[in-house]
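S.K.: Residues per chain, in single letters:
Number of protein chains: 2
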Amino acid sequence: MPTDFLDLLHASLPPGAVSTTEADRRAHACDNSRLNALPDAVVFPTEHAQVEALVRACRAHRVPLTARGGGTSSTGASVPMAGGVVANFMRMDRILRIDPDNRLAVVEPGVTNEALQQALAPHGFFWAPDPGSAPWCTVGGNLACNASGPHAVKYGSTRDNVLGLRAVAGNGEGFRCGTQTTKSAIGYDLTRLLVGSEGTLALITEATLKLTPKPLAVRTLRATYRDTAAAVRAVARIMAQPATPCALEFMDALALKLAREHQPEAGVPAAEALLMIELDGAPDALDGAVAAVESAARVEGLVQLEVARDEAQTRALWAARKALSFAQRAATQHKINEDVVVPVSRLPELVDGVRQLAARHAVPIVSFGHAGNGNLHVNLLPRDVDEIERAHAALPELFALVIALDGTISGEHGIGVVKREFMPLALPATTLDLMRGIKAAFDPDGILNPGKLLP
Amino acid sequence: MPTDFLDLLHASLPPGAVSTTEADRRAHACDNSRLNALPDAVVFPTEHAQVEALVRACRAHRVPLTARGGGTSSTGASVPMAGGVVANFMRMDRILRIDPDNRLAVVEPGVTNEALQQALAPHGFFWAPDPGSAPWCTVGGNLACNASGPHAVKYGSTRDNVLGLRAVAGNGEGFRCGTQTTKSAIGYDLTRLLVGSEGTLALITEATLKLTPKPLAVRTLRATYRDTAAAVRAVARIMAQPATPCALEFMDALALKLAREHQPEAGVPAAEALLMIELDGAPDALDGAVAAVESAARVEGLVQLEVARDEAQTRALWAARKALSFAQRAATQHKINEDVVVPVSRLPELVDGVRQLAARHAVPIVSFGHAGNGNLHVNLLPRDVDEIERAHAALPELFALVIALDGTISGEHGIGVVKREFMPLALPATTLDLMRGIKAAFDPDGILNPGKLLP
Chain A
1 MPTDFLDLLH ASLPPGAVST TEADRRAHAC DNSRLNALPD AVVFPTEHAQ
51 VEALVRACRA HRVPLTARGG GTSSTGASVP MAGGVVANFM RMDRILRIDP
101 DNRLAVVEPG VTNEALQQAL APHGFFWAPD PGSAPWCTVG GNLACNASGP
151 HAVKYGSTRD NVLGLRAVAG NGEGFRCGTQ TTKSAIGYDL TRLLVGSEGT
201 LALITEATLK LTPKPLAVRT LRATYRDTAA AVRAVARIMA QPATPCALEF
251 MDALALKLAR EHQPEAGVPA AEALLMIELD GAPDALDGAV AAVESAARVE
301 GLVQLEVARD EAQTRALWAA RKALSFAQRA ATQHKINEDV VVPVSRLPEL
351 VDGVRQLAAR HAVPIVSFGH AGNGNLHVNL LPRDVDEIER AHAALPELFA
401 LVIALDGTIS GEHGIGVVKR EFMPLALPAT TLDLMRGIKA AFDPDGILNP
451 GKLLP
Chain B
1 MPTDFLDLLH ASLPPGAVST TEADRRAHAC DNSRLNALPD AVVFPTEHAQ
51 VEALVRACRA HRVPLTARGG GTSSTGASVP MAGGVVANFM RMDRILRIDP
101 DNRLAVVEPG VTNEALQQAL APHGFFWAPD PGSAPWCTVG GNLACNASGP
151 HAVKYGSTRD NVLGLRAVAG NGEGFRCGTQ TTKSAIGYDL TRLLVGSEGT
201 LALITEATLK LTPKPLAVRT LRATYRDTAA AVRAVARIMA QPATPCALEF
251 MDALALKLAR EHQPEAGVPA AEALLMIELD GAPDALDGAV AAVESAARVE
301 GLVQLEVARD EAQTRALWAA RKALSFAQRA ATQHKINEDV VVPVSRLPEL
351 VDGVRQLAAR HAVPIVSFGH AGNGNLHVNL LPRDVDEIER AHAALPELFA
401 LVIALDGTIS GEHGIGVVKR EFMPLALPAT TLDLMRGIKA AFDPDGILNP
451 GKLLP
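Chains as they are written, first to last, in UniProt numbering: chain A, 1 to 455; chain B, 1 to 455.
These aren't lab readings, by the way, just hints derived from the structure by calculation. Just so it is clear, CB atoms sit at the ideal spot from N, CA and C, and this is done for glycine as well. One thing to keep in mind: the hints can contain errors.
[To be verified] Simulated coverage check for chain A against chain B, where a stretch passes if three residues somewhere in it have a Cβ under 8 Å from a Cβ of chain B:
| # | segment |
| --- | --- |
| 1 | 238 to 244 |
| 2 | 282 to 288 |
[Unchecked claim] Calculated pairs, DSBU-like style, for lysine-lysine (alpha carbon to alpha carbon, straight line, at most 35 Å):
| # | chain 1 | residue 1 | chain 2 | residue 2 |
| --- | --- | --- | --- | --- |
| 3 | A | K154 | B | K214 |
| 4 | A | K210 | B | K210 |
| 5 | A | K210 | B | K214 |
| 6 | A | K210 | B | K335 |
| 7 | B | K214 | A | K214 |
| 8 | A | K210 | B | K322 |
| 9 | A | K210 | B | K154 |
| 10 | A | K322 | B | K210 |
| 11 | A | K322 | B | K154 |
[Said to hold, decoys possible] On the chain B side, residues computed to face chain A include the following (Cβ under 7 Å):
| # | residue |
| --- | --- |
| 12 | G187 |
| 13 | V341 |
| 14 | N375 |
From just these sequences and the hints, can you work out the full model?
M.R.: Structure, rendered in C-alpha cells:
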C-alpha cells in the first residue's frame, strides 16, 4: 500500500478513522464464511462526506475497497479478497428518523437489524427483513445482500422494504435515489438495483426503509406428514388461498432426526416431514385464518396437526426448529450452508434430489427452511476430510438440480465469493454482460469489492 | 428511411409484420397525451426472435425504435418523437401459463391488463396493478411505466408484482432476468430496473408475474371532513394501524363540487374533503378491520362516516368518485393530468399549495386520488387558450412544491416526454448521470425510445 495513499487517507479522514494495526486488519479479514484475506487498512467512517473522500482516494490510487457491516455474510461478500481497504460502517449506526405517519424510518447503514426493530417496537412497527443473524447483522449488510428470513413469505425481502438510498458510487460521486413515498415512477430504479449488489456498485450511507405495522396477534401450527410430497402439497395449498401465513417453515426427516437426537427433551416428532406455520393479524380474524390454513394443510398424508393454545405450547412447537441449529453445530464444524430456491411446487423434487445427492456422495445433508418461498437451506454436514471433499464435489450437482427445477442458486444469502463461479449456471451470458455494463457505469475502475458476485 | 433498412426488415420478419401504410403510421403517431409524431414504419412482432431481429436491424441502421402496447400513456412515452419504427406488441398477447401453486403467471407483453385479470379470476387470483385504463392498456405497458392504481396501497405497484422478464436490450441481445421464485439474491436486479424504464433500455417479450389470491370479501366506507387537514390526519391514522385498506382515495372540495354539479342524482356530498375506504379479507375478519379503520377515521373534523351494508349501498358510495371522471371530461377538453406524490403526512400542505396555485394562476385545479400512497392526481382544467397558457406556467411551481414537500413528480404515470425536463428537479445530477450510464450499457447507440425519460 503506497505511503502517499495512506497520507491521503489520513489527511481526508478525521483522527481515529484510519487504522493499519495488525489487530484491526486481522479483525476485518474474515466473515461467517471460511474465507480469509487481510486488508491493508481499515477505515471507520462516521458520515457520508468521509465515505466520498474514501472512495475518491481509493479510486485515485486504484485501491480495492470492501464495505463491511456486522461481518455475518456466509458467502465471503465482506472479505477483502484483493486486500486494500475495508470500510467498517458500524460507527454510522444512528437511527435518524422514525416516521410512523409515513410508515418509514431513515437510518445509517451500521445500525443492527435488532437495534432497529427495538427502536421501532414502541411505535407499533417493524422492518420486515428478519435474518437469523439479526442481533449482529446491520441494515447496510441486509441491503447489500438482499437479506430476508422466515417472515419474507408474507412481508417480502429487503428489496421489497426499502424506499430510497443515499450512497457513494465507485466513481466517487455521492447520490440519492428512490423517494420518501411508497409509490414513484421516475426513471430507473437505482434503489432496488443497489439492494443485493453486495457493495460492488456503491457504498450505502443512508437508507429510507419501508415499515410494516406490527400485527396484533400471532398463532402457531405444527403439522407432520407421511412424506415430503404430502408436506409440499400442503405448502402449495396453503399458498394458494388468501390467508397467507407470516411463516411457513419446513424440516426434512434428517433435520428432525438430528434435532431429536441432540435434544431428546424438546419433543421433536419422529416424522418424514414437518411444517411450522405461523399466522398473524387482528385477534378476531385469526380463528378464521387458522381454520382456512388448517383445512389447506389437511392433505392426504397428514400425520398430525397441532395448534398452539398458549405461549407455552407455541414455544414447545418451535422447539424442534430451534434445536436444529444447535444440532447441526454439534454434528460438525464443517457445515456448508446453502440456500437454494425453487418454485414451491418443485420442492418435492428438490428434497428427493438432495436425498439422492447425499446417498451418491455419501455425505449427510439436511434440508429445511422457508418452504412458503420455496427457499430451502440445504446444509451439507461433512465430518472429516474425505466427507468435506465429497461435499464440495456434490455442490455443482446441487446447483444444477436447482436450475433444472426452474429455481436459482440463492434465495437470501447472496453470491459473494463462494457462489460466484456458479453464476453462469443461474444466468445467461447476455444477462451477465449487462450486469458487467452496469458495474462499469457505477465503478469504472473496478475498485469496489473486486472478486465478488460477477464471474 | 433508407430502402436497404426496409429491405432488411422485410427479410427478417414474416409477411404482414411490417407496415409502412399511411393508415398504420397515423394510428401509431399518438398516445393518450396530446403529442403526435409520425413513425416511418410499424412492426407487429409475434415472437421473441422477431424482436431480436428488429432491434438488430434498427441498431445496424441507427433507426429509432419505440415500443407500444395499448397506447394509453398520458406522458407521450409511446409516441415516436424521433420517427423510425414503432413496435406494436398487441399481437404478442398470449397468456403462456397460469400457475396457482406457485402464485405466478407467464404472459406475453401484449395481453391487456383486463384480459389477464379475467383469465386469472377462475383460479382465485388477480394481478395487483389496476390502472383505470385496464381494459385497453397492456401488461407490457404496465411494466414499462410501473403502472398501478387504487389497490397499490395494499398490493403494491407493477414493480412489486413481477418476478422475472425476458427481453431484448438495445444492443440487440436477448436475455432473461429474475426468477420463477418469490425470493432470490443473485446479483443486480435487472427485472425491477426494466420496470419503469419506459422502453429505453430493452423491449420486454415475456413476463413472469407475481399473483395475489383474491380476497373473499370487500367492505366500503365513505367519510367526509370539515377540511383537508382533518381528512389527511385520518389517512395517516388509518395507515399507521395494521388493518391496511385495499383502497384509500381522496377527493378535494372542487372535485366534489364538479362531480355534484355534473351528476346531481349521484348523491355526492357537499364537503370540503372526502375519503373512500375499501377493506378486503376473509368475511369473518372484516368486522374487526372495519371497526379499526372506522376508529382511525374518526378524527376531530369528521363530518359523516357511512359504511355500506350491501352492494347497492357500495355502488352509491362510489358514485361520487365515478362521477368525477365524466365531470372533468365535461368541464374541459384540455385537462392536464398530473400524478404527483408526497409523504402521506404532507398531503395537507400539498392540497393547500395546489389551492394557492390555482388562485395565483387563475386556473381550476382538482386534487383527488390515492391518498394512502400520498399519490394525488392534480388535474389542471383550463377551458380556453389563456387558461391553457396559465396552466402550463403553473406546472413548474407544482413540481417545485412537491419536491419541497419531500415528494416526487410521478407516482404511476411515469416521465415520458411531458415530465422529462422536470427530472433534474426530482433527482440530483449525479443520479441522472448513473442512469445515463445504465442506458449506455443496455443501448449503446441510443436507438430505444430516444427523447424520453432522461433529460
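S.K.: Now tell me, hint by hint, if it's right for this structure.
M.R.: Here is how each hint holds up against the structure:
1. 238 to 244: holds (count 6)
2. 282 to 288: holds (count 6)
3. A/K154 / B/K214: Holds: A/K154 and B/K214 sit about 15 Å apart, inside 35 Å.
4. A/K210 / B/K210: 20 Å, holds
5. A/K210 / B/K214: 24 Å, holds
6. A/K210 / B/K335: Status holds; Cα separation ~34 Å.
7. B/K214 / A/K214: 23 Å, holds
8. A/K210 / B/K322: 31 Å, holds
9. A/K210 / B/K154: Roughly 13 Å between the alpha carbons, so the hint for A/K210 and B/K154 holds.
10. A/K322 / B/K210: Given that 35 Å is the threshold and the Cα spacing comes to 31 Å, the pair holds.
11. A/K322 / B/K154: Between A/K322 and B/K154 the Cα gap is close to 33 Å, so the pair holds against 35 Å.
12. G187: 6 Å, holds
13. V341: 5 Å, holds
14. N375: 5 Å, holds
Consistency note: the structure conflicts with none of the earlier hints.
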